[in-house]
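Novice: Chain by chain, the residues run as shown.
2 protein chains.
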Amino acid sequence: MILIKNCAVLPMTSPDDYIDKGYIAVKGSRIEAVGAGQPPDEEHFSEVIDGTGMVALPGLVNAHTHAAMTLMRGYGDDLPLMEWLQEKIWPIEDKLTPEDCYWGALLGITEMIKSGTTCFADMYFYMEEVARAVEETGIRASLSQGMVALAPTGEAAFQKSRELFKWHGRGDGRITVMLGPHAPYTCTPDYLKRVMSMADELGIGIHIHLAETMTEYNDIKAQYGKTPIALMEEIGLFERPVLAAHCVVLDDEDIEILARRKVGVAHNPESNMKLASGAARVPDMLAAGVLVALGTDGASSNNNLDMIQEIRSCCFMHKLVRLDPRAVTAYQALEMATVNGARALGLEDVGVLYPGMKADLILVDFRKPHLCPRNDVAAHLAYSAAGADVDTVMVDGRILMRGRQLKTIDEEMVMRQVEDTVAGFFTR
Amino acid sequence: MILIKNCAVLPMTSPDDYIDKGYIAVKGSRIEAVGAGQPPDEEHFSEVIDGTGMVALPGLVNAHTHAAMTLMRGYGDDLPLMEWLQEKIWPIEDKLTPEDCYWGALLGITEMIKSGTTCFADMYFYMEEVARAVEETGIRASLSQGMVALAPTGEAAFQKSRELFKWHGRGDGRITVMLGPHAPYTCTPDYLKRVMSMADELGIGIHIHLAETMTEYNDIKAQYGKTPIALMEEIGLFERPVLAAHCVVLDDEDIEILARRKVGVAHNPESNMKLASGAARVPDMLAAGVLVALGTDGASSNNNLDMIQEIRSCCFMHKLVRLDPRAVTAYQALEMATVNGARALGLEDVGVLYPGMKADLILVDFRKPHLCPRNDVAAHLAYSAAGADVDTVMVDGRILMRGRQLKTIDEEMVMRQVEDTVAGFFTR
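Residue numbers (this note's numbering), protein chains in the order written: chain A, 25 to 452; chain B, 25 to 452.
Treat the hints with caution; some may be incorrect.
When chains are identical, the list treats them as one kind, so a pair holds in a single copy or across two.
[Unchecked claim] No farther apart than 20 Å at their CA atoms in a straight line, the calculated lysine to any residue pairs in the SDA-like style are these:
hint : residue 1 : residue 2
1    : K45       : G448
2    : K112      : R350
3    : K431      : R391
4    : K45       : E443
5    : K245      : P104
6    : K190      : E443
7    : K431      : M25
8    : K112      : A351
The set of hints was computed from the structure by calculation and includes no laboratory data.
Just chain A, with the same shape it has in the complex (with noise of 0.2 Å):
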C-alpha cells in the first residue's frame, strides 16, 4: 500500500474537482481513496511519498505513436510528405530488424515515461518486441501490427497480428492488442473486411489512420466516391471499437458518424503541424459529442513525444484556426490526453483519479520559475509546463520513476544501445 500525501489533485472527474492539498492511497493495482487534507490513517502504508509542491493527476494517455520510430527522429525533417516517407522513412524501414525495433521501442517508452505518459497506443511492425519491451518496463499499452494490404507482408500480417494477439492481457492486463490496418488508402474494402472478421473472432478493436490529408481525402472520394468515414462506415468497420489516427479532413456528415459510432478519435496536433497535414475539426468534433483523444504521432514527424507540450500546441493550433482564444480550453486538452485517451483505447478503469480505478498516476513538480505563481493549476500545465517536470510516475500501483530516476530501465543504457543502432544505419 502507497500513500501520497500533501499533494494538489487535479482528478479529471469535472472541471470543479480540484483538491488543494490532499492525498491519494494506493492498495495493489488500484486507486483505493482520494481525499482532502490528511489521510486518516497514514501508519497502514508500506510506502509513503511527501507530494509536498507537486500535481497529481491522472497519467497521459498517448491515443497515437510508432514508439520505434524514435531511431528516425530528426532524420529528413523540413521535407514535404511524400517526399520525407519515399526517400527518408521507407527505405530505413525495409531494412529495420526486430532488434532494432526492441531498442526504438524502448527508448520511446524512456521518454514517455520521463513525461508523464503512462499509456499508449502503438502501431509498427516487429510489434512482439514493442510488447516485450512494455511487459519489461512496466507501461501501459494497446498494441497494433500494421497491416499494410498493398505491401508484399500484406498476407503475413495476419498470422503477425495472430501471434502478437498472444499478449493481449499479459502484464497483469496492462498489454492489450487491437489490429491494425494501416488507412483506407493502403488496404483495400475486401481486406478491411477479412480484418474486420478477425477482429471480431478475438473480441479485439482496431486501430486505423483515417483521413490524415487532403491527398487521401480527395483519392479516397475520386474512387469510391464518398470520404475515407462514409467508405469505413460503409464496409461497416465503425460496427466494433475503432480507434481512428488524425481525421484531419472531415465533412459535416463524418463527424455525426464518428460521434453516432463512439469511435474514438486520436488527434496528433504536432505531427499535422509539422506534416503541413492540417487543423483536424476537434472544436467542431467535441461540440458533436465526437470521443477525441490526444496522440503525439511517431517521434519522427513531432520529434518528441512528450504530451505535455501536446496539450499545449493543441490549444494554441486550434485557438488560431480558429481565430477564438476560447477554442480548445486548457481543461478540455487535459480531458483529451487523459480521460479520454484511455476511453478511446477501450480501458475502462484508467483516465481519472477515483477509487477502484487501477493506479496510472503523476505527480508534476511545480516548485519551478515556469509554474510560479500558482494562480490556475490546470492553466500551468496545459500552458507553462513540459515533460521535464514530471516528477513521479505509477502505472498500475508501480512506481516507474520517482523524482526523475526510472526504476525499471537503465536509459543511460538505452541511450547507448540506440546510438549503436543507428550508427551505420543511414548507410545499411
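Guided by the hints, dock chain B onto chain A, whose structure is given.
Specialist: Relative to the frame of chain A, chain B by itself:
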C-alpha cells in the same frame, strides 16, 4: 579565462558551420576562440568546463516580452483579447507597485536564464525596477518604459523614460534602453513624433507594438486611411532603429517598407496563437529580407518564457498555415532566436559564436532520451528540446547557470516572494 571543451558547437554563423566536437575559449566578456578538436593551451585557463554530451550555441534572444507579467501567469486564460485585458489584466496592472514589478521581473529573468535566454527586450512600467533586476542577475536586456498617450501617465512617461535612460550602458553595457510607445492605437501621431524627437536626442531606438490584430489594422485604416505600418512610415518612425513587436496583419507594401527600413520585427507565435491574433506572414517577410526575430510576449499570454518551445511553435505554426512542411525550417527559426534577435535589438556583438563577440552562450545537454539518437542537432534543438535541457548559461563571459544551478539568483526565495506578492493580489 574560461574554456569549454568536448562540446558540439552550433555557432549560427552559417548552416554549414557545425563542429561535432570542439571548444570555446572565453577571455573576459568576449569569445577568444572557437575551434574543432582539443584546445591547444588548456593550462592557460582559470576554469575548464567539460561540455561532453552538450551542444553550445549562442544564448537565446527574447525579442519581445513583459517580464513582470509573470505575476499574472495563468490568470484569465481562454478569454477573448478585450475581455481578458479589460476584466483581468488592466485592473491588476492599475494596482501594481514598483516592488511587485521588481519581483515579477526577477521571476521572469529566473525563468529566462533557466531556459537559455541570455538577452531580452522588455516593455512595461516601473522599468527602473526591471533594470535593477537585470543589473543584479547578470542577464542582458534592452529596456523600454511603456508610453501610452491616452493614459493618465501619458505625459509622465517622457520623464520616466528619461530616468530609465540613466541605466543605458550600465551593467558593463549589458543594459541598453529604448523608448517604448505602446502602439499606434494608444499613441497619436503627434505623441509618437515627440517620442521620435526624444529618441533622436538620446541616440536610442524605439520599441513598439505594431499591427498586432485585425482590429488594430482596421481601426487605424478607418481613422488614418492607411495601414499601421504605412502610417508609421508616413510619420517617419522608421528613420531610426525600430523594434516592432507582432506585425501580424500586413499587406505586401507593409512588408516592403519593413524590409527597406530595416525594421526589426519581433514575431511572437505562441502569444499570437493563444490570443487568436492570427499568423504573421513570416515566410513572406523572410523571403523579402525583413529582419525577423522571435519573442515570447508576456507570460500571461504564452504562458511561459521558454524560447526553445517558441522556436518549435514558430516552425509548426507556419507549416500549418502555409500547408507547407518547408515553411520556416529548424535552422531559420534558430536564426530568428539568436542572430536576428541580437540585430533587431541593435546589438552588434552578440548572437553568434565567433572570436571577438560577447560571450553570451548556452550549453544544451543532449544526454536525454528525447534528444537521442543525435541524427540532427539543429532539428533536435528546434523540434524536440525544451528549456529544461539547458544546462549552462553564460552572459558577458560570466556563468549565470551551471548544471541547472543558478549562480546569481536564489530561485526558491524569488518564488516565495512572488507567491507572497500574489497572495491577496487579486482582491487588492
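Novice: If a hint holds in the structure, say so; if it does not, say that too.
Specialist: Results of checking the hints against the structure:
For the identical chains of this complex, K45 and G448 are inter-copy neighbours only, at 19 Å across copies versus 52 Å inside a copy, given an alpha-carbon limit of 20 Å. Taking identical chains as interchangeable, the C-alpha atoms of K112 and R350 lie at most 20 Å apart only when they sit on different chains, with a minimum of 15 Å there against 39 Å within one chain. Within a single copy, K431 and R391 get their C-alpha atoms only as close as 23 Å, which misses the 20 Å cut-off; across copies the closest is 18 Å, which meets it. Taking the shortest alpha-carbon separations for K45 and E443, only the inter-copy value of 16 Å comes in at or below 20 Å, while the best intra-copy value is 43 Å.
In this assembly of identical chains, the alpha carbons of K245 and P104 never lie at most 20 Å apart, being 22 Å within a copy and 38 Å across copies at closest. With identical chains, the CA atoms of K190 and E443 are never at most 20 Å apart, being 31 Å at best within one copy and 53 Å at best between copies. Taking the closest pair of Cα atoms, K431 and M25 come within 20 Å of each other only inside a single copy of the chain (18 Å); across copies the shortest separation is 41 Å, beyond that limit. In the homo-oligomer, the alpha carbons of K112 and A351 lie at most 20 Å apart only across protomers (19 Å), although the nearest pairing inside one protomer, at 36 Å, exceeds that limit.
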